[in-house]
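Residue numbers (my numbering), protein chains in the order written: chain A, 1 to 527; chain B, 1 to 349; chain C, 1 to 296.
Note that these hints are calculated values from the structure, not bench results. Watch out, some of these pointers could steer you wrong.
Claimed, not checked - Covered stretches of chain B, going by a simulated chain A footprint (3 or more residues, C-beta under 8 Å):
{"hint": "1", "stretch": "166-175"}
{"hint": "2", "stretch": "198-209"}
{"hint": "3", "stretch": "287-294"}
{"hint": "4", "stretch": "301-313"}
Each residue gets a CB set at the ideal place from its N, CA and C atoms; glycine is no exception.
One-letter residues, chain by chain:
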Amino acid sequence: MKRKTSKLLTLLAASALTATAVTACSSNSGSPESAAPTATQATAEAQATSGPDISKKVELVWYLVGEPHKDTQKVVEEWNTMLQKDLNTTVKLNFTTWNDWETKYNLLLTSGEKIDMIFASSWAGFYKYAKQGAFLDLKEMLPKDAPLTWQEVPKQDWSDVTLGDNIYAVPSTFAEYTPNGLVYREDWRKKFNLPEIKDLDSLEAYMDGVKKNLPDVTPISGKAINEINTLYLDYHDFKTIGGDTDGVIVASSYDKPRDVVAAPFTPQFAEWVKKMKSWADKGYWSKNTLSSKQEAGDFIPAGKGAIYWRNPSSAGGFINNTKLKYPDIELAYFPFTRFHNYAIPNLSINNGMAIPKSSQNPDRSLMVLDKLRNDPKYFNLMTYGIEGLHYDIASDPKHIVVPAKGQDPKVVTPYDIASWGWRYEPNMKTTEGGWDGFDKLTAEFKAETKPNIFAPIYLDYDPVKTELAAVHQVYEQYGQPLMLGLVPDVDKALQTYQDKLKQAGVDKLLDYIKQQATAYYDEKGVQ
Amino acid sequence: MLSLVAYLQLPGHPRFHYDYVAFINRAYGMTRSPGRREIEVKVGAKRGFWYELNKSKVLFLMILPVLLYFLIFNYIPMVGIYYAFTRFDFNGGLFGSPFVGWDNFKFLFQSGTLTQLIKNTVLYNIAFILLGNVLQIVTAVFLSQIPGKVYKRVAQTVMFLPHFISWVLVGAFSYQMFNSDNGVVNTLLKELAHPTYDFYLQPEPWKYIITGFYIWKTLGYGAVIYLAAIMSISDEYYEAARIDGANVFQQIRHITLPLLVPTFVLLILFSLGGILKGQFDLFYQIIGGNGMLYNATDILDTYVFRSLTVNFDIGMGTAAGLFQSFFGFLLVLVVNFIIKKTREDYALF
Amino acid sequence: MKIKIEGATIVFNALGYTLITLLALFCLLPFWLIIAGSFTSEVTILQEGFNLFPKVFSLEAYRVVFSTPGQIERAYAVTIGITAVGSFLGLFFVSMAGYVLARKDFVYRNAMSFLIYFTTLFSGGLIPWYIMITKYLHMKDSYLALILPLMIGAWNIILMKNFMKSIPDSIIESAQIDGAGDFLIYWKLVLPLSTPGLATIGLFIALAYWNDWFNAAVFINTDTKFPLQFLLYKILASAEVLRSRIVGNLSLSNMEAPTETLKMAVAVIVTGPIVFLYPFLQKYFVKGLTVGAVKG
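Please model the complete structure; the sequences and the hints are all you need to start from.
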């Protein structure tokens, strides 16, 4: 029955929510020299009035993921007034809402609904949809209809969204670092005199200490797979390729990108799973972890957990939030970049905007985007809300105060919509009162940044899609329990895992990925 | 309404006969004699389509909206089955995308677990259908007979509640009960000085647990159907039996149950079509991503779901659905055929 | 008349009461825990799990649900409207179809039953169905998209046919002899005799409308048209996402939306009305007119 199929697809979204967190948070590509165009360009009056023809009034339909804010209608009205005046255009802004957004996104594109611009991202299937021809080629239109954007986006970023010879999206321009890392209870560390967490051994010592002193607490409560999987990848410096998250086929390290291997067959893996077994037996996480539906972070405020996997951005949010509600709990953050001392910025198309094939006015849509990115009036309005209501510019123009003076924060909630697609660094502002550790970390990352050579490798798994599905199954059924140390006999389980992987065609998958990666490296001149 | 005296004087009075249904029907002259039209048809006086259309004009008109509805919402979209044989491309759309034959079906067979999956799916469904229906019948029978209107209304309402509890909550619930850290069951075991049991590491108990949850959730809903069917049984039959001295158990055995058989067969037949399809929500919420339990609890739907999360592919998804549908279809055809040969009016079509 | 209660009846009743009470308790207990849970603070649920009475009372979950005033009321109105209209129309068409298929003198009844049943076996999938509704029927963002897809279901029709088959042919034949048309027979004769069946199918159709959120999820954009279940799921999904996605360096506490207790509050809000209405519906589960009376 269609109910069953639709339920299947809709639950894709539910699990994909978790997957998006992983995909979005793992280090991805971007340009090391994140374009720092001059401020003047951003604030310049970008009215090339001798530009494209805007004599016809046009109404556009745009789609963003997620939810509107309760004041979005007001904001969009204001936006449309400005657009009407400047570009003889209005925009109807729609949202997919968060439940089943992936299904809805898919339906919007495949049904050919008339949409003029849609949020696009590597974690929203951008590459897949682009390959399948869902988006328009913007190559010709960009210099004409979005001249500012065309200039300011670095060449590397354009190449990230180019497939074949066509440019399928406008990536956001904002160097973001979202490496994996762990939030942990610093107050407990101090209390029990545990060493500072700076490597795997000290991490182990921390968890050991917590477990010994607080027998009721499970250091990593709830679902531990994210914590352990990212730890495993980053500790060994196994680099996943093209946005893959399983980590079965990886490059053996950043410095050896061409050495693509199947990780479960490496000696490091065998050693690792033995260690994980010992950790599991010591009770660092629950035996029921694979079936738990709760995040480790849920348990920290309840005093039942100590560790939570986060990237620096969401760590900041979590830390701030916890501080507000539970001021006695002190949290600190350990980024996994410290294992090997380098950081990789996100892929530019981690957030971006694309134009579906069905658009009737792609050129006008690009013009609106150009304005949105570059004109601070537009940018501030759509990204931060109405000045004087949702925010005020702080004394330092790069910061804003949320909400504006005199507004009740309970009534006027922060204006937050999925505005990430049109980010443009010079126009971005930070909210005052954020987690102070964040800026320090960003500086640390910028200092040790290296180019992202793995994420942009586009893998169209079509020739090996059967093997991919089969290997993924085996990873879930045999790999995950093994990596979480839940099996009774590690050696036997490892052997079974390896055998099943072979059966599923892991070698064929390995060859394919190796081939694609090598082609990419050759093209880009990566050693 | 027959008087007692008249009743006792009827020929073929069923003392020691027990087939009250047949008896009453005969008494009223309501045996299953074919209608005039039926006779016409059987004798081969079948006329053409337009003749029939004209003769049963009103009936056709009455069913026309429904037929149109299915045409629009079901049959026309069925062309989508073709996706299973293509590699989808936006530029080609449904019919323009390249044809790839059976490629999309390969992933079902590649991981070597297909037999296990089919076995699990089928066995769970059989357990659900049989145990579920039997329990529902028992419940309905009791509910219809025991006295106490208020009690019955309350009980019926309460038994309906699980239907509203989403599988998400059931999953959370199940975790609360069975987890080895502070789950209810293990806490109980500890109190009884019994070693704890790691439910989430052992596949064996789950077939019972899952079946239990399914039956619990569908009991109230399913019992309603049987209750309604019981309500359609005329009092006359029971009167006849009562007068004859049959007690409650005998009444149920000879009247209620036989008259529920058509409904039972219908529901079973209906469910057979979905024999390879599963209650995805149920399994996904209760088992989640726990590979250790897959041997005993993985069904086709969850397997397909996981395959699609890694690489969402319309072709593969449709292929899996087609595979499931096709098997169910074959099964239903076979069983329906068999039933038609034995008791024609029990057949689904 | 002396009412003699037989031994067998006593045994039967005893068995019945025991079994039904046990089953009812099994069904009630989890729901009770959910109600209690919905009034508990999120942290307590994580620490202590489910309890019969909230250890730490909290209305936080309900506060989140009702946070935007007027939203829930509006959603209730939409859902009630859709359920009423859809159930009425659906029941009408389904019962007509069931009647036609149950008529033994309708030559094509088996073929049509098969055609109808077939739709439950095979499906073209989500996308063609979606395209049909949005592109060809132009029902995107319209109430029709919430009503039509659920109105007529093959299962309901076949079940209805089954209920109607229990009406003896002779009744229909005698009406035919009297000169009644097919529709009249349906309307005046068959319908009144099928009240349990109608009540059952009506209930199922109504429940399907009440519980539906998927149609709204893919078809509706305007927030004044959101039905209840969808709204609640939306709130739940937002709360989940706020926890696990990158939301930047937000310092304000939009983030700790309770999720476990939220799920439970949602279940209570959705089930509440049904629990109150269902007992009223049960009075329709009475026997249809008896066989003999009609004949006689």
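Hint check:
| no. | hint | verdict |
| --- | --- | --- |
| 1 | 166-175 | holds (count 3) |
| 2 | 198-209 | holds (count 4) |
| 3 | 287-294 | holds (count 8) |
| 4 | 301-313 | holds (count 12) |
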